[in-house]
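Student: Sequence:
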Amino acid sequence: MLIGYHYFSPDTKPEVITGYFQQLENILDTNNTRVILLGDFNAPGFNWENETPISSCHYYSKLKGDSIYTSTCFLGLWQCVEAVDIINMFDPVFANFTQLKYVAADSGLVAPDIYHPPLNIDVLLPNVNSNLNCEFSYQNFAAGNYALLYNILSTYDWSSVYETSSVDVAVASLSVALRSAMEQVIPCGYRYKSKYPHWFSYTLRYYITKKNCFHRRFKKKPSDCFYGRFAYYRKLVKNTIKSDRLRWLKSLDNNLKSQPQHFWKYVSNFRKHRSGFIHLEVGGTHLVQPEAVADAFARHFQSVYNNHCSKDIHPLSPSSEFLSLAPISDADVCKAFKRLKPSKSVGLDDIPGFVIKGGAGILTHIFNLSLEPQCFHTAWKESAVVPVFKRGNHAAVTNQRPISILSNFSKLFEFIIHDHVSHFAEFNCNQHGFTRTKYTVTNLVTFLYFSTS
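In this text, residue positions in the sequence shown follow the UniProt record's numbering: the first is 1, and each later residue adds one.
These are calculated hints, taken from the structure and not from any lab test.
Hints should not be assumed to be uniformly reliable.
Between beta-carbon pairs, the in silico distance windows are [unchecked claim]: (1) L124 / P10: 46 to 52 Å; (2) S268 / N120: 54 to 60 Å; (3) N254 / A172: 47 to 53 Å; (4) E291 / H423: 36 to 42 Å; (5) S160 / K195: 47 to 53 Å; (6) S154 / C375: 49 to 55 Å; (7) L249 / Y7: 46 to 52 Å; (8) K257 / S345: 21 to 27 Å; (9) L124 / T378: 27 to 33 Å; (10) P187 / R436: 35 to 41 Å; (11) N120 / Y60: 31 to 37 Å; (12) V386 / Q139: 19 to 25 Å.
In silico EDC-like links for lysine to aspartate or glutamate, alpha-carbon gap of 20 Å or less [unchecked claim]: (13) K390 / E414; (14) K411 / D330; (15) K344 / E372; (16) K390 / D253; (17) K341 / E414; (18) K411 / D350; (19) K13 / D29; (20) K411 / D332; (21) K13 / D91; (22) K211 / D244; (23) K344 / E414; (24) K62 / E15; (25) K338 / D253; (26) K381 / E414; (27) K411 / E382; (28) K338 / D419; (29) K195 / D29; (30) K335 / D244; (31) K211 / D40; (32) K235 / D224; (33) K62 / E281; (34) K242 / D253; (35) K411 / D349; (36) K211 / D224; (37) K62 / D11; (38) K195 / D332; (39) K62 / D40; (40) K221 / D244.
This structure is a prediction, so every number in the text was calculated from the model and none was measured.
Ideal placement from N, C-alpha and C gives every residue a C-beta, glycine not left out.
Take the sequences, apply the hints, and build the full model.
Tutor: In structure tokens form, the structure reads like this:
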């Protein structure tokens, strides 16, 4: 809570008061903070009940009172103290919350001044979350201190991991260490609901608030003064909208190479907007509930493969070939790290690839621990299955294909094992199957070149 005490002498110029309150408008965040403004404002002749100056007040007093009232309305503050003479009250109290109670002070040695009444103000402060307008919170990876993160992981005591022979226990200890380090160095960010487009500048939002303020005052008490101020800010809003939009479009053009995602976000605004819910039609039944939709996808994806092994397996002829796997080294893990793309989605553990790079040494031990008993950790087998539309009717579940989002630990292990065993499947240099940088297109080009030469 912020409490501001003020004193303006009677000879203070109106432009000084106006400039001061404009600074308050730029500094104070009354949406997330409780604010109380009190003191001797010396603005006689302003009726705080009707929110207008009286006709007989001095011109300077009218300007002072109007400036104070306009700024307090902009900040969402209201005058919450009653007095005997509301017209000539010099000591108003402005606040943006209702948990405030005032009582007259005990009588002192001298009679109280009706223009400066002594008050006792009680403020009730319940425990309220400051992020009332927060839409959701997230981990702000862009603001993380990764030098500190890697330092924490490099100095972490991994003795319990090296001493255990259980893969599950080692992986659980690794996850706890990574999450603890992430909580220390990666702050939480909050996305707030905004009623304005993201390209609206601060100046434009200020003009809109001013326009709405004078429009409310004109509706409450019509006058040429209020309408003139409303029309003035309305014109500023229209002109600023044009200039802000033009500047935003120019920035999209200038930053097309460096920030192409902003351009495609702009293009997506012209597409037909679909609701965030998935609607499916299965067997003539229209499914809308998330649980029913998820079950329908699960049944369909499970039906496209057979998880039952055939019992009639012909015995293989004895062979002397043996596929041996060399122990995984730190160099193998570092090489696999280079193939992890930081922009890719994370698995169910919510641990990105650039975070687990700090635990390369302990990962080498855990991967080798998995090779000895030929056991892969259960949690690393789990993945998030996302349906991706192929073509045809969006409501048909058969027109969706599953995409599995694995954990980054699983991807690392896959990269390393692939490098260890891929050379066993390479028979000659003209092979195009299961070979890096060679695929069906290169096979076709090679065949055409051989046929025509």
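Student: Can the restraint linking K411 and D332 be considered satisfied, given a maximum Cα separation of 20 Å?
Tutor: holds (13 Å)
Student: Can you tell me whether the CB distance of P187 to R436 sits inside 35 to 41 Å?
Tutor: With Cβ atoms ~40 Å apart, the hint holds.
Student: Verify the proposed pairing of K195 with D332, using a straight-line Cα cut of 20 Å.
Tutor: With a Cα-Cα distance of about 50 Å, the restraint between K195 and D332 is violated, given a limit of 20 Å.
Student: For a C-alpha distance cap of 20 Å, please report whether K338 and D419 respect it.
Tutor: holds (13 Å)
Student: Range first: 19 to 25 Å. Now tell me if the beta carbons of V386 and Q139 are that far apart.
Tutor: The hinted range 19 to 25 Å holds for V386 and Q139, with Cβ atoms some 20 Å apart.
Student: Regarding the pair K62 and E15, is the alpha-carbon distance no greater than 20 Å?
Tutor: holds (12 Å)
Student: For the pair we were handed, K62 and D11, check the Cα-Cα distance against 20 Å.
Tutor: Given pair K62, D11 holds - Cα atoms ~14 Å apart, limit 20 Å.
Student: Using the Cβ atoms, figure out if S154 sits within 49 to 55 Å of C375.
Tutor: violated (28 Å)
Student: Holds or violated: are the alpha carbons of K411 and D330 at most 20 Å from each other?
Tutor: holds (16 Å)
Student: For the pair we were handed, K211 and D40, check the Cα-Cα distance against 20 Å.
Tutor: violated (28 Å)
Student: Quick one: are E291 and H423 within 36 to 42 Å, going by C-beta?
Tutor: For E291 and H423 the Cβ distance comes to about 47 Å; the hint is violated.
Student: Can the restraint linking K338 and D253 be considered satisfied, given a maximum Cα separation of 20 Å?
Tutor: violated (32 Å)
The structure does not agree with the numbered hints 1, 4, 6, 9, 13, 15, 16, 19, 25, 30, 31, 33, 38, 40 stated previously, though it agrees with the rest.
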